[in-house]
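Peer 1: Residue strings, one per chain:
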Amino acid sequence: MTTAAADADIHAALSGVTRVYPATAATPPVHALGPLDLELKRGEFFAVVGPSGCGKSTLLEVLAGLQQPSAGTVTFEGRAVAGKVPDGVGVVFQEDASFPWMTVWDNAAFGLRRNGVAAAEIRRRVDDALAFMGLTEFAPAYPAQLSGGMRQRVCISRTLVLQPRLILLDEPFGALDAQTRLLMGDEVLRLWRRTGATILLITHALDEAAMLSDRIGAMSARPGRFLDVVVTGWPRERDSKIVSEPQFGEITGRLWDNLRGESMKSLGHRGMAAG
Amino acid sequence: MIATRRAADTAIILIVLLLAWQALHQLVGATALPAPVPTLAYLAKFVPSERFAENAWATLVCFFYALLLSYGIGLSIGVWMGIHRLSGAVGEPILISLYTLPKVTLYPVVLLIFGLSLSGRVTFGAMHGVLPVALLTMSAIRNIPPVYLKSARTLHLSGWQTILTVLFPATLPEIVAGLRIGFTLTLLGVLLAEMFAAKQGLGSLIINAMQLMQAEEMLSVAVVLFAFAALANALLLWIEHRLHRRV
Amino acid sequence: MTRVGWIRLAVLAIAIGLLELCCRVGLIDQRVVIPPSEMAVALVRLLISGDANEQIVRTFGIVIVAALISVVAGFALGAVTHALPRVRQSLDPFFATYYAVPIFIFYPVMIVIFGLSAIPIVLMGVATAIVAMIIATLNGLDRVPRVLAKVARVHRMGTIATALRLKLPAAAPHLFTGVKLAVSYAFIGVIASEFILAPAGLGRVISDAYTDFNNRQMYALMLLLIIVATVVNMLLYVVDQRWAERRGIAKP
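Residue numbers (numbering that gives the first Met the number 0), protein chains in the order written: chain A, 0 to 274; chain B, 0 to 246; chain C, 0 to 251.
Heads up, a few of these hints could be off.
[Claimed, not checked] No farther apart than 20 Å at their CA atoms in a straight line, the calculated lysine to aspartate or glutamate pairs in the EDC-like style are these:
{"#": "1", "chain 1": "C", "residue 1": "K149", "chain 2": "A", "residue 2": "E170"}
{"#": "2", "chain 1": "C", "residue 1": "K166", "chain 2": "A", "residue 2": "D105"}
{"#": "3", "chain 1": "C", "residue 1": "K149", "chain 2": "A", "residue 2": "D105"}
{"#": "4", "chain 1": "C", "residue 1": "K149", "chain 2": "A", "residue 2": "D95"}
{"#": "5", "chain 1": "C", "residue 1": "K149", "chain 2": "A", "residue 2": "D86"}
{"#": "6", "chain 1": "A", "residue 1": "K264", "chain 2": "A", "residue 2": "D227"}
Derived by calculation from the structure, the hints in this document are not laboratory data.
Just so it is clear, the structure is predicted and the values come from calculations on it, not from any experiment.
Go ahead and model the full structure; you've got the sequences and the hints to work with.
Peer 2: Structure below.
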């Protein structure tokens, strides 16, 4: 592939990005991330895995424009990202960000209402998104009446209606039990195929990353840098059943080879990393 | 480091309060509001005097009895309602309603029953203090994690041992919080009673001084009461925090 | 109504019934306490005659004004303090000790400054209520989940939009607790002041009735105060619970 064609494919990129949290009254400065390079191809599903504290969430927030890098550049669709979240980027956070004072329907419609979209269009998009996420019958309910998994689906719906071209997911299923997570993984794949968006998923679960992604970046312990980028080669039409494929075991094995030592480092075990 | 920061903050607040006092004094004049310095000078002379000592003693005695009643009755009600679930469920909203009611409304009844005597002031003070003690004690007992009781049973502790070694330490911080608020409100009740209708006590001193247009005396007594209440509260709060950290 | 609710009603009915009985039978001297039924009758007569209407309107008007000022100013001060962490840290000991000091000792000072009018009474109402609102505002703003600020930036909302559309609704239950307390404390502050010394108002009329040995008038007005205070507090409590339920917050 020629360079020009390859460049046209790149949807978002981090180049030489570092993030150092400045010192406060109570703490010294923290070198959380980088230097790190990442190129996201348009329409791909990219996962980032790594031990806790390695800077995965920081990476997502820098890419989204929620934080400024201490060094390096961030681009989205060819333009620099500087301090503001660009139009076309959607983020689903780890914590429950559903608004408890609004119904599920109003939660989903929130972003659209603010952008002056016509009422009929709002209704169409919200109904569509809720139907896609399986929340139609819960539209008049309040988040407090729903389970954790359903509340995350509400947050995803809220992101969906804005038709983002890049979707960033920060450990969105961290608070859910294992079976629900596998099913939510299928949901995300459906979402990905339906919207054609580029997806960056942060997760600490190796199996989740291996199952869902086209490529997986394995991050080192803090300060986080990419140790390896694993290409999975899965077909676009995939679901959770691929966990029974032999390739799946190889991929998770390779990820763990990279990460085992890093995880021990971040847990504070010294001298056990060898062998 | 944190302790000195806090002390510095408290000092800053006191200085700001004094400055505000001085500013207000400039605004309204000495007859209405004497300046801090003359007031403190008056205080230095007045507090050691016999008249002050008599009234302070009267308030103290009244407060002491009222506090005994508040704590005694409050703890008893609180423990009973905490242990006996039905009584707790039935009684809690009633206690809360009484808590939010301005008890001053009931003062004339107290006066009618007791007249202007010490018993009346003590009763009125206790009426204010008994409710937070009862409510917080009840809450403390209800909030004992059930796992504590289960552990006590698996350890084959007797009833008394369970109460002394498990329940009492577990509920102590919240009960002390109730005692602290009870302290504050009982003092308030006693002072209100003295301000409304009494011949002795610091509350009546303030009202008398007002009627005689003696602003310095009025403020001096107020400052003394302010200092007493603030220091007592700080002490009880410190005890409460120490207990919380143990738990 | 639940079983507990019925029991509670029965307990209250029995208590009032006992009081009625003791008064009628003479166990309680009627010069001290009149039977509850006669209190109610006296109240109805008083309301119909309209003799105390001016005082009733005056007192409740002052309470409303004091509560409003406390809620609005308390919220503003709380919001500003919350935005300035160093200031907040300095003020923390002040807030912690505020309700430990019997504020009514300063009421005569205010009378001397402002004269015997409605102003010191409003001030006492505000002084009693405002700090509760400030503390509740600080608590409410503390409890706004930090993720909401990030959501605001993802939706590219400005500072004011974030404050009004996200922070305010998120903090609302705790703010409402502050409103509840502010109303309650304003009530207490105003009534207590009127009792101690006031030119007019319900507290003044009740204390006058006491000195004039007019028990009927006194008890009628006391009953009115108790009923209004209880009803208002109960209403606020119920609304608070309902909102909290919808939001999935457990309220004590």
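Peer 1: Identify every previously stated hint that the structure contradicts and give their numbers, smallest first.
Peer 2: none
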